[in-house]
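*Asks:* Top line first, the protein sequences correspond to chains V and L.
The first sequence runs 1 to 379 under the numbering used here.
The second sequence runs 1 to 379 under the numbering used here.
Be a bit skeptical, because a hint or two may be false.
As the list makes no split between identical chains, a pair holds if one copy fits it or if it spans any two.
[Unchecked claim] Once the Cα atoms are required to be at most 25 Å apart in a straight line, the calculated DSS-like pairs of lysine-lysine come out as:
#, residue 1, residue 2
1, K337, K127
2, K243, K112
3, K180, K69
4, K69, K127
5, K180, K248
6, K6, K248
7, K237, K211
8, K127, K248
9, K88, K9
10, K333, K112
11, K272, K115
12, K9, K69
13, K243, K272
14, K300, K248
15, K333, K69
16, K180, K237
17, K243, K180
18, K210, K180
19, K243, K127
20, K210, K357
21, K70, K9
22, K112, K300
To be clear, the hints were calculated from the coordinates, so they are not data collected in a lab.
The structure displayed is predicted, hence computed values, not measured ones.
There are 2 protein chains.
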Amino acid sequence: MKNADKLVKTEYFTSTDPLPLESGHILPEFTLAYETYGTLNAARSNAILVLHALSGDAHAAGIHSASDKKPGWWDLYIGPGKPFDTDKYFIISSNVIGSCLGSTGPASVNPKTGKFYGLDFPIITIKDMVRAQERLISHLGIDTLLCVSGGSMGGMQALEWTITFPDRVLSAIPIATTPKLSPQSIAFHEVGRQAIMSDPNWNFGNYYNKKPPTKGLALARMIGHITYLSDTVMHEKFGRQLKSETHKYSYDFLTEFQVESYLHHQGDTFVKRFDANSYLYITKAMDYFDMTFETSSLEKTFSSVTAKFLVMSISSDWLFPSYQARELVDALKNNYKDVSYVEIESEHGHDSFLIEKDFEKYAKFIVPFLNYIHSEAQN
Amino acid sequence: MKNADKLVKTEYFTSTDPLPLESGHILPEFTLAYETYGTLNAARSNAILVLHALSGDAHAAGIHSASDKKPGWWDLYIGPGKPFDTDKYFIISSNVIGSCLGSTGPASVNPKTGKFYGLDFPIITIKDMVRAQERLISHLGIDTLLCVSGGSMGGMQALEWTITFPDRVLSAIPIATTPKLSPQSIAFHEVGRQAIMSDPNWNFGNYYNKKPPTKGLALARMIGHITYLSDTVMHEKFGRQLKSETHKYSYDFLTEFQVESYLHHQGDTFVKRFDANSYLYITKAMDYFDMTFETSSLEKTFSSVTAKFLVMSISSDWLFPSYQARELVDALKNNYKDVSYVEIESEHGHDSFLIEKDFEKYAKFIVPFLNYIHSEAQN
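Chain V with its partners taken away, still in its complex shape (with noise of 0.2 Å):
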C-alpha cells in the first residue's frame, strides 16, 4: 500500500495559556493544525517535525478520503520506506498560527470581542509559530525532535528552532532558504500586500461576512508563483506557446500565452482555499525573519546552537539563492558545528523541493543523515 492511499486526519491542539508574542503582544489562546505519521516509540525519541512553507498546511501526507484527488504537500518525502520513513520515525507535520488552514490566525474569532480578528490579529514572527509549535510537542509528550525539516518559510522555521529550542532539536534539515530574508523578497511579499489591500474589498481586512478580496489575493499568488520557478523552467513549461492552436496572436487583452494561463489558474485556485488576511500575515511574519537581528552577526546567532544540520539549496532557486545557505553554512562552519551542505542541481526553482523529477536528489543525501542521527541518538 501506498502511503498516498493512507487515509489520514488532521487533528488539533488547543493551549489556553497566553502565547506571549515577539512583537510585545499577547495571543490569549491558540489552535495548531496538525497530522501525524508513523508511530511514535516507546522512548519518545523518533518524532521528526516537517514544517511547510508559506501558502502550506499540516496536512503533509496521505489522503484525506479515498475521493481525494491529490495526497499532501510532502507525500513524496514521507511514508513507509520514503525518506521521512514511517516505518521508523514518527512524524508530526504542524501549520503555522497565523494560518488559516485549521489554526488561529486572521480569520480566526477573537475570544476576547467573539468576533473575527481580522486585523486585530498581533503580528506574529517564524518564532512565534515556533514557540507555538513548541507546546504542541510537548502536548505529544516528546522532549527531544530527531529533525526538524523543511522547505522555504518551512527551512525559517526549522532553522528557528535549532535556536530558540537548542536542547529539543537533534538535527535540522533546512531546504531552500535562507537565515534572513533578502530585500527582493521582502519587495515582491509587499508588492503581494498591497496588491491585497488595494482590492476593495479588502476593507481593512473586515470582510469575513461579505465578499473576500479575491482579486487582490490572486494578484499576490500570481507574482509568487513566477518566483517558486526558474526562468529555464518558464521556457520549457511553457515557452511563447499561445493558448490559441493557431498559430496566430488575436491582439487583445484576453489570455494570450499560456503562461498566462497558468498565472490566472494559480491565482483563481488559490483564492478558494487560502485568506487573505492570512497571506499578510504569513509574508509579514518572513519579511521579520532575520537571525541576525539581535545578534548582528550569523556567528553569533549559532554559536551556542546543538544541532547537526543538512543546509540543502538548489541551484535555479533565485528566490532563495544557493548564497544564502551558504552565508549559513559559512557560520556553522566557523563555530565547528556538524554542517552538510549539498546544491541540488536542478531547473526547477524554488519548487524543486516539492517535485517528483527532482525527489532522487534529495533522497539520497536526507536518508543518510537521519539515518546517522538516528543512530547516534540510540547510543
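With chain V's structure known, arrange chain L on it following the hints.
*Replies:* Structure of chain L alone, referenced to chain V:
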C-alpha cells in the same frame, strides 16, 4: 556648457496617412513626439535614432526649462563630446505610438468619434511603432540612419528597424534587450496589467474624465522596478534597512523596510506622469515581440539584414539575461554579419544602461563603433 544645461524642445510630427497595423487594424492618423540634438549635415548622412524603454519619452537629453531638476533620460550619452556626439551626429529621439507622452495612444482622442480612444485604441506592436517612426525619419528628409540604438524596449525597436527597413539603417546598438520576450517577462507584464485592470477606477479603460486607476498602475510599476534591479544591488542599496532610524521593528502593516519605501515612491511618482492604458498597450507590444514568429528561426530572420551590430547585455540583468543577447549574436554570426558583442560587467541589473556609475563601460564600446560606422559611411 554641459548638455544638461542645454534647453531643448519636444516637437511633434503628425502623419495623416492611415497607418496599417500588424493586427489588421488601421490607425487613421497619428502624432509622434520627438526631440533632436545636434545638426543634420548637408548630406543628411549623420542621423542617429535613439529609442526609449517601456516608460520612456522623447526627452532623451538636455532640459526643457532652467528649472528642470533632471535632464533627459539618456543625457549621459547624448551631447557634445559624448558617445552620441552632437558635434558630429544629428540625434533624433522618438517616442512610440501607444504612449501617453505626446504621441497618439489610448489617452488620445479618436478622430472618428471625438472621444478618448481608451480600449478602442488598436493593439500595437514593436513593428507598428517602428513603421510610425519611419514616417518621422522620412519627414525629416533622412534616407539612411547611421545608427539606431536603445535599451530594453528601445533595443527591440532598434532590432526591428534593421529587419523592417534594412535599406535605411547602417548599424544598430541594441542594449539589454532580446529578439523575443521570455515567458517570465510576459508573466510579470501580465500581473502588472491585471493589477491595473483589477483597479475599479480602471473601468474598462474608460476613466479619462474620472479618477484614474492609480493604485493599479502604481502596483504594476512596483513589480517592474523589482525586475529592473539585481538582487545584489538591492542588497547594496537597501539591504534589510528599516525606514525607522531605531533598530526596532514596528510590527504593523505600514512601511517597515527601506526597500518598501523605495517601491512605494517609484509607484507614486510614476502615476503622476504615465497613463494606465498606455502601460497596458506598451507591455502588450513587448509581449508580442518575437522575431522568430514568422520565420521560426532567428537565423532566417537576420539572413538578409545589412546593418552592422554592436550588441550589449548586462551581466546582472535577469529580466533580459545575456543568453538572450547571445542567441541574437549567434544568429547574426551564423549569417556572417558584422557583429560585435559585449557583456557589460555590472551589478546594477537591467537599469545599468541608464546609470552614471556604469556609463564608461558602455561609452568605451559605443564611441569606436560609431566612429567605425561613421567613417565607413563617408567612404
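*Asks:* All the hints need checking, so say for each whether the structure fits it.
*Replies:* Against the structure, the hints:
no. : hint        : verdict
1   : K337 x K127 : within (22 Å within a copy, 60 Å between copies)
2   : K243 x K112 : neither (51 Å within a copy, 33 Å between copies)
3   : K180 x K69  : neither (36 Å within a copy, 38 Å between copies)
4   : K69 x K127  : neither (34 Å within a copy, 47 Å between copies)
5   : K180 x K248 : between (46 Å within a copy, 16 Å between copies)
6   : K6 x K248   : neither (47 Å within a copy, 47 Å between copies)
7   : K237 x K211 : neither (34 Å within a copy, 40 Å between copies)
8   : K127 x K248 : between (52 Å within a copy, 16 Å between copies)
9   : K88 x K9    : within (20 Å within a copy, 78 Å between copies)
10  : K333 x K112 : neither (47 Å within a copy, 72 Å between copies)
11  : K272 x K115 : within (22 Å within a copy, 40 Å between copies)
12  : K9 x K69    : within (16 Å within a copy, 64 Å between copies)
13  : K243 x K272 : within (24 Å within a copy, 35 Å between copies)
14  : K300 x K248 : between (59 Å within a copy, 19 Å between copies)
15  : K333 x K69  : neither (44 Å within a copy, 51 Å between copies)
16  : K180 x K237 : between (31 Å within a copy, 17 Å between copies)
17  : K243 x K180 : between (39 Å within a copy, 17 Å between copies)
18  : K210 x K180 : neither (37 Å within a copy, 44 Å between copies)
19  : K243 x K127 : between (44 Å within a copy, 22 Å between copies)
20  : K210 x K357 : neither (42 Å within a copy, 52 Å between copies)
21  : K70 x K9    : within (15 Å within a copy, 63 Å between copies)
22  : K112 x K300 : neither (40 Å within a copy, 71 Å between copies)
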